[in-house]
Each structure stands twice: as structure tokens, then as C-alpha cells.
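Read off the chains here:
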Amino acid sequence: MPDAIVARALAKRYGRIDALADLTLRVERGECLGFLGPNGAGKSTAVKILVGLVRATGGDAQLLGRPVGDRRTRARIGYLPELFRYPDWLAAHEVLGFHAKLMRLSDADLAIDLVLDEVGLRERARDRVGTYSKGMQQRLGLAVALLGEPEIVFLDEPTSALDPVGRSDVRALIERLRARNTTVFLNSHLLGEVERVCDRVCVVDRGRVVAEGTVDALTGETRGVRVRADDGWHDYDVAHAEIPGLVARLVADGVRIHAVEPKQTTLEERFLALVRHA
Amino acid sequence: MTVLLFAGLTLRELARRRLVAAVAVLTLAIVAFTAWGLHRLATAVVDGAPIADPGKHAAAAGIVIVLAFLFSFVLALGAALVGAPAMGESIANGEILAVLARPVRRADVALGRWLGTVVALAIYVAVAGGIELLVVRVTTGYVPPSPLAALAYLCALGAVVTTAAVALAARLPALAAGIVSALLFGLAWIGGIIESIGLALGNQRLADAGTVVALIFPSDALWRGALYALQPAVFSAVAANANASGSVNPFTVTSPPPPAMLAWACGWTVAVLVAGIAAFRTRDL
Chain X
1 MPDAIVARAL AKRYGRIDAL ADLTLRVERG ECLGFLGPNG AGKSTAVKIL
51 VGLVRATGGD AQLLGRPVGD RRTRARIGYL PELFRYPDWL AAHEVLGFHA
101 KLMRLSDADL AIDLVLDEVG LRERARDRVG TYSKGMQQRL GLAVALLGEP
151 EIVFLDEPTS ALDPVGRSDV RALIERLRAR NTTVFLNSHL LGEVERVCDR
201 VCVVDRGRVV AEGTVDALTG ETRGVRVRAD DGWHDYDVAH AEIPGLVARL
251 VADGVRIHAV EPKQTTLEER FLALVRHA
Chain G
279 MTVLLFAGLT LRELARRRLV AAVAVLTLAI VAFTAWGLHR LATAVVDGAP
329 IADPGKHAAA AGIVIVLAFL FSFVLALGAA LVGAPAMGES IANGEILAVL
379 ARPVRRADVA LGRWLGTVVA LAIYVAVAGG IELLVVRVTT GYVPPSPLAA
429 LAYLCALGAV VTTAAVALAA RLPALAAGIV SALLFGLAWI GGIIESIGLA
479 LGNQRLADAG TVVALIFPSD ALWRGALYAL QPAVFSAVAA NANASGSVNP
529 FTVTSPPPPA MLAWACGWTV AVLVAGIAAF RTRDL
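Protein chains in written order, with my numbering: chain X, 1 to 278; chain G, 279 to 563.
Hints listed in this document are in silico derivations from the structure and should not be mistaken for laboratory results. Keep in mind that the hints are not guaranteed to be accurate.
[Unchecked claim] If you want the footprint, here are the derived chain X segments under chain G, 3+ residues with CB under 8 Å:
1. 52 to 65
2. 89 to 100
3. 135 to 147
From the three backbone atoms N, C-alpha and C, an ideal C-beta is built for every residue, glycine too.
Only chain G is shown next, with the shape it has when bound in the complex (with noise of 0.2 Å):
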């Protein structure tokens, strides 16, 4: 109950400040944009012919995966700088003294918090990624393998983010915590490369290192789930030749993440979460 009140509070903030107005506008800008793009993607014509449906289809696929990879981005940055202030703010402007001397348990307070900011990402995934997908289809008539699975996915990398930034802003100021969150899924992303230049190269250290970032870090893995869940099954086989001659591209990957990795990023959300909670419990204010 005292969870959902400070979920509630963490909502309506969103919306009172124009975050959610802000966001909206920009990101209808992105998709009116994008609209226009595959509309005359959709019609162009060459040779004096139009392009042929998989010709199409693929140009959408890739257009796609860029987007996911822009929305990824922007869900990390929003994760990050949402969470973290929603946690840190209030502590650092004494918002919280007056609340914590009411019957109110501090875990609810973090749980609370994270679970807004949790909620108001996954809207905004659901909102702009099933409008984004659903122009994709209406101007080219292409539709991702598996559209649903990577919207989850990238809820769950937006949760990720979310549960560091508001673990760390239980000790640190909120700026510090955003930052740090952003940076930690930056390194993330680009472990998930190195550990894939690793793979392509049979070099075994470099993939293992790639492998522990996943590990302290575990985005990139449902980043990677979000692309596979995206990606046409015609460009999981050129990855995998791309791969087996020794390069590698970012946007494609061969496999999704195996269970234990995804079991590893829920283990991962609790307890850092649990972390933050106790260092929170344990904060004089």
C-alpha cells in the first residue's frame, strides 16, 4: 500500500513537471520523422521500379534495430535521470525528513520509487515502441519476428537502470547517481561488443572480460534480446558467417541471451535493490 503511494508520487511528479509532456513531443517528433522516412523508403523507386517487398522489408528490419538502439538509449539516459532524482532528491533537499518520521518503512519509500519510475518507462516503451512499430508496418508492411519480446526486453533494461540509479542515490547525491548509472550502461554496451569481437576472434580473455561486464552490468544482455527479438531470421545467418570470418557488427547478433543470463539479470535487479534498500535503512538524515 505505502509502496504504491510513493509509486503514485513518483507518477505524478512526472507529469506535473512536463517531463512527460516534453518527452511526448520529442518523441512524436521522432516518430512523425521516422514516418516520413519509410514512406518514401516505401515508394521510392529505382531502376523505374519500386522495391520489391524483401528489399523493403529488410531496409525496414534495419531502420528498426537503429531505433530500438535510439530508444534503448534514450530508456537508459531516462532511467538514469529519472530514477536517481526520484530516490536522491528529496533526501538531499529534506523533502524526505518530514515523510520518514510518519509510520512509513524506508524500504517502502525505495520500492516506491523505483517501481514509478519502473512503471512510467515501461508506458513509455509500450507507448512509443507499439506506435513506432505500428508506422513501420503501415508504411512497409514489415513487422519484427517477435515485436512483443523486445518491447519486454527493453523494459527490463530500462528496470536495469533504474535499480542502480536508485540503489546508488540511497548514498550518493542524485546528479552523481544518474551519472554513474549512464556510465555503467555505456560500459556495458561496450563489454557486450568486446565480448563479441572476443568470440569473433577466438580470443577466449577477451570475451571472458566482455563476459564479467555482463555480469556486473547485465543491460547489454537485454539489449541483445531486445535486437534478436528484432532482427529477421536472415540477418542472425550474416551474423553468424560475419562472425565466423572474424568481424562483428552491433546491431546484429547470433543468438538470443541464454536463460541463466536472463535469470542472472533478475537476480541481479533484487538484490542490488536490496543493497540500496539496507544502505538506505542504515543513512542517517
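Isolated chain X, as found in the complex (with noise of 0.2 Å):
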């Protein structure tokens, strides 16, 4: 079985301007890759290249296993904008109805009342979108890129208008998707969301990828280690291997432990390291 996504030297210019160079990536099925870079990196560009959007001035792309803006392929995706915008006339369940049309979905009302309950939105499903508050729109875009179980969902900074409520259901969304074996491509900056749910992340800069690799490799480094005693906090600058000796040194000055936790570089920081060395 091809793989989700692949692509290789994928590039974008626009004039004078590399707003992608040389993406090369692999996106196992089921897999969900966190897309991370500061703003103007070319991750939208990216996105928009994989669904057709876009035409890519160099490299090539499959979504599984066929050419990128294959039609029949882009009945099997899902995709959220980053610039979601839906008819503010129509009811959400007839921009939904709208939508199965265009794939052709042979049960649409049970596929539109399946995405609704997945993205809490089933009670305002006959209100006009123009009622709606951003953060509903959002839903409404995620109901919208669900719709028809497809086999890669492409989020292109799906909970920008949600509120905390909305991020967790948001992430408890994609956790059900990875459970159904759904690739997700993920692009955020929210780094936290995408350490918590993403599988793999791949980080890009001024249009070029500057790592790769899953949360873990980026973030696992051991640093030291942090030690709660009765006065607060310490920091200690030691090995992995050297922390069972260090407590056992300190329990054996008297002092009073409460907690020892070993430090890591979140994501953030290690995003942050990179996109500012880049």
C-alpha cells in the first residue's frame, strides 16, 4: 500500500521569491505529522500544494500512491483552510449537503449527522453560517474537511478561533482520527497541541525543511534534572545516568526531597532554537 503523502524536492516561486523549496517528506498512512515554521515559512503553500490548490514550480507529490490534483484522490481527502470561510446564507447542514454533493457520497444525510456530532455542532445545524461565532465556523470547516471518512485530513491551523474548550475537543478529535487510522497533517503554532497528538513533526523556514523526526527525537534530549526540596525548586546540571547518585548525595546532606524531575527541551524550545539559528 503507497504511502499517505509523499513528496520530493517540492517547490513554490512566486517571482523573485522561494515561498517553498526543496519540501521533501514521507507520511506514513495512519501517521499524523505536526507541520511546524513561523509565519511565511510556506507551510499554507505546502498544504495548498498537496490538495491542488497550488501548482508546485518544481519537485512532485503523490497523495496516495497518484499524482497530486488527481480528482478521484481528492475524494479521499479532507481539508481545512487556514482562511476557512463558508456561504454565510446557507445553513451549515446545506454547506455540509453542498459538499457531499460535490464527492458524490451515497448516504449523505447519516455522513452530515456523523460529522456534526463530531464536531458538536448537530443543535445549530439548521442556523444560517452567518450566525455563526468564528469559533463555529471552525467547527463548521472541520465538520466540512471530515465529511466522508477520508483517508488524509490536511488541518492547516485548525483551532486559530477556538477557545480552550474548543482546542482540547479539537485534539481529542484527532486522537479518534489517529485511532481510525486516519493520516492527519497537522499544520500549527500551537507547539504544545502539536506535541501532544502528533506522531512525527517536520519543521520548515523560509520555505525549507530545517528538521524532521518524531516529538521525541526533537525533544527527548536529557538536560539535567530539577529537585524539589522543603525550599523551593533546584536545578542540576547532570547526566541521565547520574541522577539516582545525585538524590542519594542529597538525601544524604538531610536535605528533605519532595519531587526529582528530569528535564527535556519542549518543543517549543527546540522550535525556537532552530527557526532562530536558521
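Using the hints, put the two chains back together into the complex; each one sits in its own frame.
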């Protein structure tokens, strides 16, 4: 079975500006890839190339073993654009009904009910989109992206308009997608979110990939340990293997230890180091 | 199938956004006003006697032509200001992004938007024009020589302006596409007058300039077709005599547009639509 997403030396040039340069990546089926980068790094351009909205000026890419832009493959993917907008004069169920017709879904009503439940919009499905808050419109966007149980879902900043509850809901949603073996391509600025739900991370800056790997591989460097004693937290710069010895020594010195935490690089720290270094 | 989906979406949008209601109210106001005026004309007494039928019909024919000109103008503006946003607004505001990620051909989107706008305009022409002609008949007893042909020409005029609006909106912002399309319609009308003046004065250069404008944007040829279908034979004869003496009236014509010009208008519509679709297909969104 071919990989979900394969991109080789993918590039997009607007005049003299490289929006994307030499993007090479592979996403396996059922994998959740976090696609990170600062503003203008080329993240949305990459997503738009992959879903067939923008034509690459270099390289090539495939979705589910077929070239990007292939019409039949597009029936098997879902996409939430960063700039999500739906006709404000239609009700949510009409928007979904229109997309169901475009996809030629056989049991459209059932599929629509399923995604409305998935994103928590069932109660307001008959209301016009124009009466929705931005967060509700983003939920509708997610419902559109999930319609028809796509094999790959591209989510471009899926929580940008959501409150903390909504963000938590989206994380749970992504977990459910992973459980169903749906491939998720998550483009997000919220590094904590990516850290929690993604199997792998790809960091791009100025159109180029600057790091790629599992979240653990990017963040897992042990750099020392934090120890909480009666008078608060203390940092010790020791190797991982030296932690038991450090604790024994502190106890022997009469220090009352309440907690010991190995220090790890967070994804945010790693991301900032990569982007600032680049 | 997908083309019809987008055409239906365009029609539903027009209905939901209350454009249809607003246009219907204003059109009915115009119809009511003209009905009142025509009734006054039909029942007017001149020198102690009612106006004879030939005089009444000549006056009614003149009013019908002026009304048709008004409708052609409303139609052209409607085509420009409905066709361009139908195509361009969803591109500008991002609505199109999730749609085009579906198994949809961009050509289907453009054709659907074009078809929806043209159908809306055709319904408007048929209903508003039909009611207006009925009012003229009931109040004055006058029936133009070829009312159905006139309505068909007006529909074609709307289709030409819509084609320009949709094709331009595939690349330009909707507002710019709408304004440019409306200006092209105005330019074509002026081109038609220049051509008439050139022919009346025997100035070939002027006539050729008008012809070139008509080839670039063939809406005026269709307006002239509508005009010819509406004017009684006596108007054509008067126009021919006036031309012979070097005077021009933009509201009369001496002959219908030649078949070659109608064929050109059809070919032009197809070519511009294809060019618009090609521009849309290669556009990065």
C-alpha cells in the first residue's frame, strides 16, 4: 500500500521569492504529522500544493500513490483551509449537503449527521452560517474536512479561532482520527498541541525543511534534573545516569526531597532554537 | 452535473440575498408607472377627440423602445454586478478553497457560475419584459413586430456581458471585473453610434472603428437586434431616410444584425468563456 503523502523536492516560486524550496517528506498511513514553521515559512503553500490549489514550480508529490491534483484522490482527502470561510447565507447542513454532492456521497444524510456530532454542531445545524461565531465556523470547517471519512485530513491551523475547550475538543478529535487510522497533516502554530497529538514533526523555515523526526527525537534530550526540596525547586546539571547518585547524595546531606523531574527540551524550545538559528 | 450544482448555488444565493426581491419590487414599480402613463396616452383627448390607433401605436412603439433600452442597461449592469461576484467573491474570501479541494473541475465551477447568472438574467428578461409588453398591449393594443426575438436578443446581450464578467473575475477582483464589463458594454454602445454616424456620413473610417468595437465586444449588435425586432416597419423606413440625409438616431436601426455578426457573438462568447476557464485553471489560490 503506498504512503499517504510523498513529496520530493517540492518547490514554489513567486517571482524571485521562494515560498517553498526543496520540501521532501513522507507520511505513512495513519500517521499524524505536525508541520511547523514561523509565519511565511511556506506551510500553507505546501498544504495548498498537496491539495491541488497551488501548482508547484519544482519537484513532485503524491497522495495515496497518485499525483497531487488527481480528481479521484481528492474524493479521499479532507481539507480545512487556514482561511476558512463558508457561504454565510447557507445553513451548516446545507454547506455540508453541497460538499456531499460534490463528493457524490451515497448516504449523505448519515455522513452529515456523523460529522455534525463529531464537531458538536448538531444543535445549530439548521442555523445560517452568518449567525455563527468564528469558533463555530471553524468547527463547521472541521466538519467539512471530515465529511465522508477521508483517508487523509489536512488541517491548516485548525484551532486558530477556538477557545481552550474547543482546542481540547480538536485534540480529542485528532486522537479519534488516529485511532481510525486516518492520516493527519496538522499545520499549527500551537506547539503544545502538536507535541501532544503528533507522531512526527517537520519544521520548515523560509521555504526549507530545517528539522524532521519524531517528537521524542526532537525534544528528548535530557539536560539535567530539577529537584524540589523544602525550600523550592533546584536545577542540577547532571547526566541522566547520574540522577540516582545525585538524589542519594542530597538525602545523605539531609535534604528532604519532594519531587525529582528530569529536564527535557520542550518542542517550543527546540522550535525556537531551530528557527532562530536558521 | 457539477455545473448544475454551481448554477443552482448561484441562483439560490441571488434569492437568499434578497436581490431577487429588491429587483422585483423596483421592476414592478417601473411597470406600474409605465402602465399608468400608457393608460393616460390611450385615453388622452387631443382637439376634442381621442388619439387614433396609428398615432397611439407609434407613441407606444417609441415608449417600448425606450423601455427596452432601459432594460438593456439594467440587464448589462446586472450581468456585470452579479456575474463578477458570483465568480470572484468566493475566490477572494476563500470560500472556494474547501470546494476546489473536492473532486471538482475548475471549469465546472466557472461554467456553473456563468450558467446560473445567465439563467437568472433570462428569467428576469422573460418575466419583466413579458409583463411590460403585456401592459403595452392591454393599455394601447400595440404589439411589437417580433417580441420574442427582442427578448431573445436581450438575453443574449446579458449572456455576453456575463461572459466578460465571469472570465475577467477568474483573474481580477470581482469589483474590477464587474466595472470593466459594464464599461465594455458602454464602450460597445458608443461604438455602435460611431458606426451609425460613419455610415450616415459616408465616413468609412468611423464606420470601421465602430465595427472593430463591435467585434471586440459584440453587445451592441445584440441590442440592435432587439431594437429591430421591436420597431415597426415605418420606423425602419424613417431611419433609412434619416441616414440618407446624414442624421442618426441611436434608438432606430435600418436592418437587423447580419448572421455573420450573430455567429461572431456566439463564437466570441465561447472563446472568452474558454479563456476565462483557462485563466482560472492556472490560477494559484
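Comparing the hints with the structure gives:
| no. | hint | in the structure |
| --- | --- | --- |
| 1 | 52 to 65 | holds (count 4) |
| 2 | 89 to 100 | holds (count 4) |
| 3 | 135 to 147 | holds (count 3) |
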